[in-house]
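Take the given structure of chain A and dock chains B, C and D to it, following the hints.
Protein chains: 4
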Amino acid sequence: MHTARRTQIMYPKDIGLIILKLSLTSGCKVLEIGTGSGAMTLAAATAVRTSGHVHTYEAREEFAEIASRNLKRAGVSEYVTIHGTNAMDGIIGEEYDAAIMDVGDPWPILPILRRALAGGAPFVSFSPTVNQIEKTVETLAQIGFKNIQTFESFIREIRVDTGKTRPATMMVGHTGYMTFAQKVSRDDD
Amino acid sequence: MHTARRTQIMYPKDIGLIILKLSLTSGCKVLEIGTGSGAMTLAAATAVRTSGHVHTYEAREEFAEIASRNLKRAGVSEYVTIHGTNAMDGIIGEEYDAAIMDVGDPWPILPILRRALAGGAPFVSFSPTVNQIEKTVETLAQIGFKNIQTFESFIREIRVDTGKTRPATMMVGHTGYMTFAQKVSRDDD
Amino acid sequence: MHTARRTQIMYPKDIGLIILKLSLTSGCKVLEIGTGSGAMTLAAATAVRTSGHVHTYEAREEFAEIASRNLKRAGVSEYVTIHGTNAMDGIIGEEYDAAIMDVGDPWPILPILRRALAGGAPFVSFSPTVNQIEKTVETLAQIGFKNIQTFESFIREIRVDTGKTRPATMMVGHTGYMTFAQKVSRDDD
Amino acid sequence: MHTARRTQIMYPKDIGLIILKLSLTSGCKVLEIGTGSGAMTLAAATAVRTSGHVHTYEAREEFAEIASRNLKRAGVSEYVTIHGTNAMDGIIGEEYDAAIMDVGDPWPILPILRRALAGGAPFVSFSPTVNQIEKTVETLAQIGFKNIQTFESFIREIRVDTGKTRPATMMVGHTGYMTFAQKVSRDDD
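For the record, the sequence lines run as chains A, B, C and D. So the first sequence is numbered by the working numbering: it starts at 1457 and just counts up by one. So the second sequence is numbered by the working numbering: it starts at 1457 and just counts up by one. So the third sequence is numbered by the working numbering: it starts at 1457 and just counts up by one. So the fourth sequence is numbered by the working numbering: it starts at 1457 and just counts up by one.
Hints may contain errors.
Note that identical chains are pooled: a pair holds if it fits in a single copy or bridges any two copies.
With a straight-line cut-off of 30 Å between C-alpha atoms, the simulated DSS-like cross-links for lysine-lysine are [said to hold, decoys possible]:
{"#": "1", "residue 1": "K1485", "residue 2": "K1528"}
{"#": "2", "residue 1": "K1620", "residue 2": "K1485"}
{"#": "3", "residue 1": "K1477", "residue 2": "K1528"}
{"#": "4", "residue 1": "K1620", "residue 2": "K1602"}
{"#": "5", "residue 1": "K1591", "residue 2": "K1485"}
No lab work stands behind these hints, which were simulated from the structure alone.
Next comes chain A alone, as it looks inside the complex:
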């Protein structure tokens, strides 16, 4: 199933960069669209605890349950609210400090998400295909985001063994692209 596969797609190499580039820290209020199995949610919750919170939307019940279990096991559920609804139907709260998207079609949700963000807040969308990032970047530019940049990241293991050190034979060649942007603040408008 396509969606099942998608939940394993974010790797530490991507999640770490997102935590850093979104400046997630204790006290931040984070909006996430597309919880999946909760790997990104867990890292975001770990970054914003103990005074921050992650509001995450996951309309697929089976994933909401998997994520809930994973967050409980990691001891961070008190910092996360999983909303079992589609973000298209409305986002609760406003003035979010940062937003993270990991859904197949991010662009129709972007205007709604934009209204929920504080001025100047950073944003990232994670997408596996080139076509998704084209549409995401187009929409972001149209609705008032700036500093739009897309990256892909790689990680390679080195088998260190004195006298016969060499990189691992196989590596992951692709997980997804990360498009970062920033909501234009009122002063920029």
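Below, chains B, C and D without anything else, positioned relative to chain A:
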């Protein structure tokens, strides 16, 4: 100057992965050897505030000053203590939750650093050359670290422009290698 | 100027793979569309001499001249005919053993090129953008090519210096994508 | 078995670059040490036929047989002589136009190989580990080779499918390093 160059060598792609793999979160007590210009220190302080603290060692006075300025500007100096001494001469404190090294010769310091770490605590050393990682891995294995793994990470920008999307022509091909390990806890001994 | 830049875009890492995957060897009759400055042409001529020949099309006079000079200097001009016309206006000859394209819009030329190829002959198109490869692959599939595969290649220099070996700091992150395919032979029709 | 694995280690991405950088063309006399299963030998024979020849050394009888079969099947055996002896015991012929090595310990053979090469002739050694390339580069510099450069190459497949184009999930992260050099010609001595 060799040392000047080294202070610009850690990139978000590396720092983000380190924050994540060392599970840095609010309340952690972090030990850093080799402050450099403070880029890693700043990210660690952002991750552990408001109840955690970063103790960082930088014997080169000019770098300690640059780092101090950068941390102040970022508003995180209250979560960092810069020790202007060589870690070889002694590390203040114990039961650190995690340790980060970014020095040219990490191996002689490792036994001292090990004593300051809590059992099971994660560790990373960042080094530009293959020879450094060979000696680091050898020493880590000898003095009781486990789960030793070395990685290099890459990031590539994609120039997204509908109808003519392509990766950027130039990219950074190397910053350094990250060797992760974990102090054997008492139960493992 | 766009076209000037394009002439420097093929690198040994790409050209070498093309020579190999197209099985270019002494005696082959090769068709090239888009001579540019002649780097690929030179390598193809070197591969097919002394009994083979490269027919290459370059409608831009200034490039035809640069390529002609480069091929003369390399001592392979007798194995190359540069046609100063647009391949859309017709391709001289038939039963080519292999074809190489390096033009901005390869797809309208593909049906003409197909007729000039021998059954089972290998083909490659080199393009810098993702959108070009989508249109190229679509067209190839429609007009009877098989074994369609697209690759990008990378090369990284290692600065070998005993005791301080490390990869070079900068590398080329993108030149272009290579789409390989094979003309369906009569037996496959 | 270690040696069995080594025979599958050279990939088109490496072989293509070697053919190009060694300027192999019809008429060249090529020396190869370490035939393995003959993948590089086959490509070299294809490049130098019909008036050139490849002399290849393979002391392991089982590999010499596999290679012989592969070359016959590809129709290039008349352009190759497989010597079933160790190159350390002597190399037949002289004034070779190029040399290719793919053995675990290339350095003790280098002085013998050097004498068999024509002045100015290009050379490549393929090795999986960093330690091998350090010793190879050291030895090459000591015995009179110039233009010494080491590279690694990568290839990534792009799954082109209009509207959902993305790179393949897995890729080969390492085969081996290629160290290129050139014998100092008499004029340089």
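Cross-check of the supplied hints:
no. : hint           : result
1   : K1485 to K1528 : both (19 Å within a copy, 24 Å between copies)
2   : K1620 to K1485 : neither (48 Å within a copy, 33 Å between copies)
3   : K1477 to K1528 : both (26 Å within a copy, 19 Å between copies)
4   : K1620 to K1602 : between (47 Å within a copy, 20 Å between copies)
5   : K1591 to K1485 : within (27 Å within a copy, 43 Å between copies)
In summary, the structure is inconsistent with hint 2 from the numbered list given earlier, while agreeing with all the others.
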